[in-house]
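Heads up: the protein sequence lines correspond to chains G and S, in order. Mapping of the first sequence onto my numbering: residues 1 to 302, in sequence order. Mapping of the second sequence onto my numbering: residues 303 to 473, in sequence order.
Be aware that a few hints might be false.
Claimed, not checked - Using 16 Å as the maximum straight-line C-alpha spacing, the simulated EDC-like pairs for lysine to aspartate or glutamate come out as follows:
#1 Lys361/S to Asp311/S
#2 Lys42/G to Glu12/G
#3 Lys363/S to Asp316/S
#4 Lys42/G to Asp54/G
#5 Lys42/G to Glu447/S
#6 Lys164/G to Glu335/S
#7 Lys393/S to Glu349/S
#8 Lys42/G to Asp316/S
#9 Lys209/G to Asp256/G
Said to hold, decoys possible - According to the in silico footprint, chain G covers these stretches of chain S (three or more CB under 8 Å from chain G):
#10 340-351
#11 396-406
No wet-lab data here; the hints were simulated from the structure. Remember, predicted model here, so these are calculated numbers, not experimental data. Beta carbons are placed, not taken as given, at the ideal position from N, Cα and C, and that holds for glycine.
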Amino acid sequence: METLERYEPLIEDFDAFLDACGRSLPSVVRVNTIKATVERAKRALDEQGVGWTDREWSDTVLELDTTNPGSTWASFHGWIHGQEEVSAIPTEILDPEPGEKVWDACAAPGSKTTQLAALMDDEGLVVANDNNLGRLSALRFNTERLGVTNTAVTNQDARNFSLKPFDFPAFDRALVDVPCSCEGTIRKNPTTLDEWTMSHVRSVAGVQKGILRRAIQATREGGTVVYSTCTFAPEENEAVVDHALAAEDCRLVEFDVGLDSRPGVTEWDGDEYDESLAKAKRFYPHHNDTGGFFCAKLEVEA
Amino acid sequence: MSHETPTNDGQRFDRLPETPADREVEGRASRQEVVEWWDQRFGIPPETFEGYSFWEKGKGKIWILRGDLGSPIRIEALGMAFLRTRQEHWKPTTNAVQRFGRRASKNVVELTREQARTFARGETQELDWDGDWGYLVATHELAGEAEPLGVGLFVHGELQSPVPKGRQRDL
């Protein structure tokens, strides 16, 4: 927890923040609308005596009163998928349309890939990429269990991703949910900060910048790129987006999500970021009883 | 290369030929045969698969993709593994039957909840079934309707459950 002390200047009610980080997470699932309606999934849960609670901000996210959502008929049939609540945010913000071409740059293990496919009614194409071949098997397991058929899976380094296998020049949208120091997952993995070092933050930030820049380049003019992490470190969040704003043709845009959030920061540790970074959102564990998360929405310009 | 007979390449996906007459790679199933197989075996109407393309990667393994792409394509996966061909009895995947099996009207066996549990554990069970031997769509009633659990293999009075290990559950 000492690692988190560095964020005290950013976070109001810091003690409540630390308390929330020490509690375990509620059990949350997303209904997979490719295979079932929300009503039918709820009815299947009812039949098994599993209690559920709606989440106001999303029609498909439910909190369950079981710690093991995998042992339900709804899960066996691929009607529900265990997915942390904040992890459902970036796909909703990207808001892909059926028929579009969408890039999921760091896709494994596939929670967001399958959510993209569901929002697209399984029409169009999701190119789900990950540089880790081992994790791609988990991705494929999840896409197939959830009945997704509009996905092409690639194994490339996202920083120099090539569209060569495909017969189109650019994506309509890209989801850039990058590898990060994962500070915001402490409620799920209490040991996640044990190996935290500033040098890891710096090195992963370099990778994040490369992936975000490539995503902007690979997206058509007027297209949308969403950048997200599950960490609090501004070095991996606002600083990465600030770098992309300076290096590529794009701008930050506002977005709404029905969860409590705080604006992105514009100065940290002696550095200043573009003032439009206030359009990004930070999600803290004590505000919505979730993990921690960062999300920024970008529009690609000429 | 152009003088050789085209063969299946396990490193890439090739779109299936439209009909057997369009076949260039020996032994490769055609789209027409694949769609007819689902109709003949399970009564799933061919129009179910309008808007999908079919691909082979690895000998006999057919994948289904919503939409289409340029063929061939060298990537890790495309859509969903769908059907195993190049063998006497073609075998659908569990995931394909869960996704498309709701439209099946023949060779469908409705299981009781207890039988469905046995099936989901991947276990073989005795089954009173007067119909065809071979692959059946196994369903049970869930949330008001019959829902496909996957594909079962009925032989010698028993229903085998080929639910892959990672998909098995003790419910």
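Against the structure, the hints:
1. For the proposed pair Lys361/S and Asp311/S, the alpha carbon gap of about 8 Å is at most 16 Å, so the pair holds.
2. Note on Lys42/G and Glu12/G: the hinted pairing is violated, with a Cα-Cα distance of about 37 Å set against a maximum of 16 Å.
3. Taken as a hint, the Lys363/S and Asp316/S pair is honoured in the structure, with Cα atoms around 11 Å apart against an allowance of 16 Å.
4. At roughly 10 Å between alpha-carbon atoms, Lys42/G and Asp54/G fall within 16 Å of each other, so this suggested pair holds.
5. Between Lys42/G and Glu447/S, the direct Cα distance comes to roughly 14 Å. Compliance with the 16 Å bound is thereby established for this hinted pair.
6. Distance hint between Lys164/G and Glu335/S is unfulfilled; the C-alpha atoms sit about 31 Å from each other, more than 16 Å.
7. Pair hint Lys393/S plus Glu349/S does not hold up; C-alpha atoms about 20 Å apart against a cutoff of 16 Å.
8. With a CA separation close to 40 Å, the supplied pair Lys42/G and Asp316/S exceeds the 16 Å bound.
9. A hinted pair counts as satisfied when its Cα atoms are at most 16 Å apart, and Lys209/G with Asp256/G does not qualify at roughly 25 Å.
10. Counting residues of the stretch 340-351 of chain S whose beta-carbon sits less than 8 Å from any beta-carbon of chain G gives 0, not enough to reach three: the coverage restraint is violated.
11. Given as covered by chain G, the stretch 396-406 of chain S passes the check, having 3 residues with a CB less than 8 Å from a CB of that chain where 3 are the minimum.
The structure is inconsistent with the numbered hints 2, 6, 7, 8, 9 and 10, although it conforms to all the rest.
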